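Undergrad: Here the protein sequences line up with chains G and S, keeping their order. Per this note's numbering, the first sequence runs over residues 128 to 314. Per this note's numbering, the second sequence runs over residues 5 to 142.
Check each hint, because a few of them may be wrong.
Partial chain S-side listing against chain G, Cβ under 10 Å, derived [said to hold, decoys possible]: (1) Tyr32; (2) Ser34; (3) Glu61; (4) Asn65; (5) Gln86; (6) Thr91; (7) Val93; (8) Arg96; (9) Thr122; (10) Leu126; (11) Gly129; (12) Ser132; (13) Val135.
Computed list of lysine-lysine pairs in DSS-like fashion (alpha-carbon distance at most 30 Å, straight line) [as the list claims (entries may be wrong)]: (14) G:Lys187 <-> S:Lys84; (15) S:Lys89 <-> G:Lys313; (16) G:Lys277 <-> G:Lys231; (17) S:Lys84 <-> G:Lys205.
Everything labelled a hint here was simulated from the structure, so no lab data went into it. These figures come from a predicted structure and were not determined experimentally. We put the beta carbon where it would ideally sit given N, CA and C, even for glycine.
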Amino acid sequence: MNLKLKLTSVLSFIIILLLIGMTQTASAQKVFATKSGQIYFNAAGALVKIAAVNNQVDSKFVDATGQIIFGVLIKGFKFENQLMEDHFNENYMESTQFPKADFKGYITNIKEINFSKDGTYPIQVEGTLTIHGVAQKITTKGTLTLTQGKPTIVGEFNVKIKDYGISGMYIGDKIANQAVIKLNCKY
Amino acid sequence: MSTKNKIIIVIALIAAIAFGIYYYVFVYSSQHRRQVQSETGIVITSDSLIAKYQVDEKLANSLYLNKAVVVTGVILSIDKNQEGKTTLVIGRSDSFSNLSVTMISTAPITQKVGESITIKGLCTGALSDVVITDGVVE
Numbered sequence: 128m129n130l131k132l133k134l135t136s137v138l139s140f141i142i143i144l145l146l147i148g149m150t151q152t153a154s155a156q157k158v159f160a161t162k163s164g165q166i167y168f169n170a171a172g173a174l175v176k177i178a179a180v181n182n183q184v185d186s187k188f189v190d191a192t193g194q195i196i197f198g199v200l201i202k203g204f205k206f207e208n209q210l211m212e213d214h215f216n217e218n219y220m221e222s223t224q225f226p227k228a229d230f231k232g233y234i235t236n237i238k239e240i241n242f243s244k245d246g247t248y249p250i251q252v253e254g255t256l257t258i259h260g261v262a263q264k265i266t267t268k269g270t271l272t273l274t275q276g277k278p279t280i281v282g283e284f285n286v287k288i289k290d291y292g293i294s295g296m297y298i299g300d301k302i303a304n305q306a307v308i309k310l311n312c313k314y
Numbered sequence: 005m006s007t008k009n010k011i012i013i014v015i016a017l018i019a020a021i022a023f024g025i026y027y028y029v030f031v032y033s034s035q036h037r038r039q040v041q042s043e044t045g046i047v048i049t050s051d052s053l054i055a056k057y058q059v060d061e062k063l064a065n066s067l068y069l070n071k072a073v074v075v076t077g078v079i080l081s082i083d084k085n086q087e088g089k090t091t092l093v094i095g096r097s098d099s100f101s102n103l104s105v106t107m108i109s110t111a112p113i114t115q116k117v118g119e120s121i122t123i124k125g126l127c128t129g130a131l132s133d134v135v136i137t138d139g140v141v142e
């Protein structure tokens with residue numbers, strides 16, 4: 128066998144190995160998704176309960192990279208009080224103009240999670256939260272619980288309402304300056 | 005009329021107005037929620053609604069966002085959300101986007117996967133799917 132033929136054979140072998148490796152990496156990566164995650168919002172002031180829940184959070188994350196996204200429709204937040212729900216949509220969130228909020232980022236310590244072992248793992252999340260058309264970088268913590276291999280992500284963080292360009296006469300009075308956001312997504 | 009009586013009437017009026025506002029804001033509004041089921045819905049097929057959102061989301065929102073819709077399509081899956089309410093995915097199995105419906109109650113539906121269904125509910129916009137809340141079977 129001449130040198131050229133040998134080189135060609137070696138190169139072909141390396142390319143095949145690389146292709147097999149790429150295929151295995153692609154197949155090993157898993158995307159977890161839900162369209163019925165839950166998000167809870169509380170901006171209660173001193174006297175009035177201002178809280179709502181949305182049960183249609185659309186979320187996906189990739190176990191290999193930790194890339195994670197959440198999307199939620201503002202009109203899907205349900206208050207106990209219809210008048211509060213109307214004011215929330217019309218006067219504060221302006222949900223006709225800004226119908227959705229989303230988060231795009233990464234679970235930065237995804238490599239510390241053993242997806243083949245059930246348990247509760249602390250997670251750190253970094254990314255961009257867009258509410259009311261305004262994007263802000265956020266960092267928060269939460270937990271990822273694996274039950275029979277199925278993940279549930281739970282987290283809680285605060286947002287300063289005025290950081291997202293939301294204004295209204297009762298903010299800082301009947302409505303708190305900061306809203307508490309609680310997230311619970313079963314994938 | 006004496007000054008004392010005038011003061012009593014003014015105080016009574018202020019109290020009545022304050023009670024009226026309190027009742028409307030905290031009692032009436034809690035007990036009287038929007039009843040999408042009793043509204044006249046925009047009749048459309050799931051394929052058409054999904055296509056309108058895929059082509060021009062802004063235009064579709066101007067037509068359907070926060071409106072009652074009556075949508076007919078084929079059930080792709082039936083599930084429960086984290087509150088126990090029935091959820092449906094309606095559309096086509098080969099479609100990139102479908103209709104994600106959360107029913108108003110936890111009661112199971114009689115229709116099965118693969119069957120056609122007509123749902124009335126509130127359109128809240130689109131994420132990866134077009135989203136309907138407060139759904140009831142028509």
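Undergrad: Sort out which numbered hints this structure fails and list those numbers smallest first.
TA: 8 and 9
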